[in-house]
Amino acid sequence: MRTPAKILRRHHLILALVWLVLYLMLFSPWSGGGCDQTYYYVYLSSLLHDGDLDVANDFCLSANSSGTIRDSILRPGPLGAFVDRFPIGNALLWAPFVAPVRLVGLVAGIAATAPPGWSADRFSRPYCMAASLGTVCYGFLALVLMYHVCRACFRPRDSLLAALGVAVASPLLAYTFGDPAMSHAQSAFCAALLIFLCFRHRRFDSLQGYLLISGALGLASLVRWQDITLGVIPAAFWIQAARQGRLSRRRMVAIAGLAAGGAILALLISLQLVYWKTWFGAWITMPQGDAYMQWKSPAIIDVLFSGWHGLYYWHPLLLVATIGLIVWAVRSRRNLIPISMAAYFLLSVYINASPWDWFGNASFGARRFCTVLPILALGLAAVFSRFRGASRILPPIFVTVASIANVLLVTAFVRRMFDPFFVSDLWNLREQLFWFPNWAATALVQSDAAAMALLNADCSGAMVIVLPGVVLICGLAFMMSRIGVPRSRKFATWLLMGLCASVILLNGLMLLGKSHPTKRDARLAEIISGKVSLQEAGADLDLSQPAASFLLARDSNSTATLQKCLDGIRDSYPRLWSDWILALAPGVVSDADRKAAAELTDDRSIYVPSRLASLSYEARVKGDLALERAILERGFRYNPFDMGIQDRLIESYNRKEARRPSVDRLKAFQRKVLEGRADLFFSRAGAYPGRQHALYGTFFAGPIRSLIELNRREGRTTETMEIYRKLDNLKLLGDSDRQEWQKLQGER
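Going by this note's numbering, 143 is the number at position 143 of the sequence shown; the sequence numbering is gapless.
You may find that some hints are simply not true.
What the hints assert, rightly or not - Taking lysine-lysine and the DSS-like style, the derived pairs with C-alpha atoms no more than 25 Å apart in a straight line are: (1) 595 x 564; (2) 519 x 531; (3) 731 x 743.
By construction, these hints were calculated from the structure, which means they are not laboratory data.
Only a predicted model underlies this, so the values are computations on that prediction, with no experimental measurement involved.
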């Protein structure tokens, strides 16, 4: 469906303006932490900094806590080495953004007497910012491609509203701007690119069309393995073209195209298969374990309608889109294209409902459905196309209301007002939402980094975060206004060839290079599994390896041994060393080491709430209690629902002998929030038989343990025993908690 150039430019401008506003409100660059996020990134960082794909040291250099690093590296793969259990495609898509930053660092190091401090730190702000901006770019491209996909079947106005509604009123919003180190914006982009190419080359009259469609499918499969099932869509386009007689006139092109397309697809997928073969010992595997997918018991109703990140519960506009997609497919009985779209959506529901963690752990909505958003955009455009005359005002209203509601939902999720979203949870917190005018003042700036920079009166820091994305989005908008969506087949073909060449080089690196598990890796795996004792390993242990240090520290209660382990990793992994020092109880290590660790944490400060603990601790080490309290109060104004900040602020108030009314009010607020969290869990846990442990561990363990500790401090024995009783009924009571419960029962 052709659109006048003037209308097309106007719609591109609207898309760019909306994306720019959302960027200014929501963008928070990745800080280098997070388990899933680190797994996605370390492929690229290891390649750029070490020239291999041995990612163990990269994970240990990340901004994760020492506990997260320990739990990961002490879980080796089948061949004994630390393995990356996540797809490799995200790193490929980030490479055009991160590699130039690495090049700048290398050039600056050659030109200057000493390289800049950030260049050798693969998790420093420039690298993390580059990867985050890459995600913003791919999210914007996904939005534009969704618009063009819808425009192939529906009116431009309906296509514009559908693309905006599906992108802004869905999980894509949070995973483009709030958590940009995840893969969901990239998966939406790859799916939109594939469907866009299918519509553009629907006649299959050229070899380039086969190559580009196969390349897009291969890239989508590398970003998320299950997206190989997107292949049903180009297959439907091809069969539809064959039914219409378009292929019979050019049979040699069809035969050559299928062969070449199959070769391109196999080549791209081989990158993941070769990595699995090199590090897991098998060409095809399930890195998360065979029990991860529960194919015989999918939680289909829950994954769609549950308050525990159900697709339609969190984003009801997508239910309207789904209905439109199904009706469109039913009305087009002779057209395989809408039927294949609906079939792929149903297949995605089954796949996403089959993991044991169908809820996506600490997820914003049903994040795994981002791949189907381009298809749901078509369904929403089909619904909007039915509105005529005066009723045409309704679709913009629907999209606006749903988008504003989703932005508010992102706000609440980021500020930890609730975790799994239930209406009752929001209702229970209705009074607290308006107690803090300072919190409301930053509600429109939900970006952790920008909001904290503003609260610290650091305008230059906020501009450093904001300006690069503004330039990126404006640049993309300018390019589209001048050339639209690129139509050069030659350019796209060369881009695909470059991608294939990169895959061949990476495969060669893994098969012939130094990216292989070593004998030392296997030895560590034997120690971890208990086949060999630490004493038997003897000289095989290298304490400069974090895995060996963690092993020795784990199995020894000697302070001297612990100090020896810490000294072993101090030079090679200073960040890990400082995190480990700060995580230990006071008195275990010297005050000098704790002070040095606190000073190291300041080198990577990025002004996010998770940094407040380190900043406040550094102020305490320096003896500046006023500064410590000021830092905590800024964090509390930003997010009054953060339990850690509440605890530290109450402690600071007590130390500074603050006015009792302010202390008492904060304690009362803390208790009310904790009790609300506990009541919500115990009222909802029964609705998820067999999954209470996951619900508790992911969302509620921290608040409930904080409530137990608060009750202990205040001598509320009855309330504490009641919580223990409820946890015992749900089989969630740990050994230490059970001993404490029995002790309380004995005292009574």
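Please write out, lowest number first, the hints stated earlier that are contradicted by the structure.
No hint contradicted; all consistent.
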